[in-house]
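A.B. asks: Residue strings, one per chain:
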Amino acid sequence: MRELNFKATVCLGAISAMLLGAMVSGCKTSGMEGSATAVTTPEGDMQTSKFVVINNPKLAKGLQIVDLKSVFKGDILMGQVTLVSKYSATLKFQYKFAWFNKDGMEISPDSGPWTPLIMYGNESKTIQSVAPNSGAREFKIKIRAQ
Amino acid sequence: MKKHTSIALVPLMAGMVAFMTGCATTVNYGDATSAQALSTDFGASDLQQTAATMVDSLLTFPPIIEATAKRRPVLTVGKVQNKTMQRIDCENLTDSIRTKLIKTGKFRFIDRTTEDQAIEEVRQQQEDGLSKNKKTRAFGNQSTAEYMLTANLTEITQKSGNLKDVYYKFTMSMKNLETGELDWSDEKEIRKQGKRATFGM
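Chains Z and D, in that order, give the protein sequences.
Position 37 of the first sequence, counted from 1, bears residue number 37 in the working numbering, the numbering being contiguous throughout.
Position 149 of the second sequence, counted from 1, bears residue number 295 in the working numbering, the numbering being contiguous throughout.
Worth double-checking, as some hints may not be accurate.
[What the hints assert, rightly or not] Mimicking DSBU-like on lysine-lysine, the simulated pairs with C-alpha atoms at most 35 Å apart in a straight line are: (1) Z:K102 to D:K216; (2) D:K305 to Z:K125; (3) Z:K92 to D:K315; (4) Z:K69 to D:K334; (5) D:K280 to Z:K142; (6) D:K216 to Z:K61; (7) D:K281 to Z:K92; (8) Z:K86 to D:K216; (9) D:K341 to Z:K58; (10) Z:K142 to D:K278; (11) D:K278 to Z:K69; (12) Z:K96 to D:K334.
Calculated from the structure, these hints are not laboratory results.
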C-alpha cells in the first residue's frame, strides 16, 4: 500500500513538473527583422542600389543578402533577392516585399503577405515578387525570424 | 506517505498558479499578413500567399504583358472547385486575386454575383420617374468577359503516428472565352506539417 502511494506521488510530481516545463517552453517569442532596399531610376535604368539594414545581428549571422535585382516586365517592376545561408543547419524565416513609387510613397502598405521560407544548410535561394502596379520604382525586402 | 504527497504537491501547485495567472484569456490585435501556422488547415496566410503568387505569375507572363500593354481586358471569375476535405470559402481567395488584379490597373472585371442588384437598380432608375432621362442607365450596354479565371484547390493528406503532412495545390487558369484556349495557368503549392505533442492540449 505504501509503495503504491509512493508511486502515485512520484507520478503526480512528474506530471506537474512536465506541466511547468511545457508552459515555459511553449511561450518563446520571436520578432526580429532585417531589411534591404533596391532602387530603380524613373527612366527604367537598372541601377540597383543595394542598401541592407540589419536589425537583427543574430539573423544576419546565418543569412546574407548577396544580390538585389530589379527588372521591368512590361511596365511592372519585378524584384529579385538572392539569399545565402551561412549555417549548415536548416533556417526558417519569413520575408515580405514592400513597394514604393517614384516619390518614395509605399504602394498599398501592409498588403503583401509574410511568406515563410526554408533554407537548407549553406543553400542559396532567390526569391521574387512583382509590384502591385506600374507606379512602383523601388522595392524593399524585409526578413524576420519565424 | 504524507511527506511524499506534500513534496509532489509543491510543483503541482506552482504549476497551477502559473497556469491560472500566466494563461489568463487576453485579446490582442495581430498582424493580418503574418505567416503563423497554427494548424495544418488552409489558413489566412495560405490564402494571401496563394493570391500573391497567382497575381505575380499572371502579371509577368509574356502573352499577358502583350495583351494588357494597350488595353484592359475584361475578366470574370468562375467558381473555384474545392476538392479538399475542408470547408474553405474559396470566394474569399478569388476575391483577393480579383482585388489585386483590379488594383494593377491592367484588368477590368465583371461580377455576375451582383447582377440581380444591378438589374434592380437600373430598373429603378428607368421606372421611378425621379432620374433625368439622359442619365439613366439602359439595359444591353454592359461589357462581356473575354477571359474567365477558373481554379481548383486540392489537398493530399498523409498521417504517420503523431505526424500529419498536408500538401495543398491551387491551380488557376485563364480561359479565353472566344477560343476556349487556356491563355495562362499556374499553380501554388503549400506544404504544412503538424506534430501532435505527446503532452499538451
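A.B. asks: A separate judgement is required for each hint: does it hold in the structure or not?
C.D. replies: Structure-based check of all given hints:
no. : hint             : result
1   : Z:K102 to D:K216 : 22 Å, holds
2   : D:K305 to Z:K125 : 30 Å, holds
3   : Z:K92 to D:K315  : 21 Å, holds
4   : Z:K69 to D:K334  : 23 Å, holds
5   : D:K280 to Z:K142 : 53 Å, violated
6   : D:K216 to Z:K61  : 47 Å, violated
7   : D:K281 to Z:K92  : 58 Å, violated
8   : Z:K86 to D:K216  : 46 Å, violated
9   : D:K341 to Z:K58  : 27 Å, holds
10  : Z:K142 to D:K278 : 53 Å, violated
11  : D:K278 to Z:K69  : 55 Å, violated
12  : Z:K96 to D:K334  : 17 Å, holds
The structure shown violates the earlier hints numbered 5, 6, 7, 8, 10, 11.
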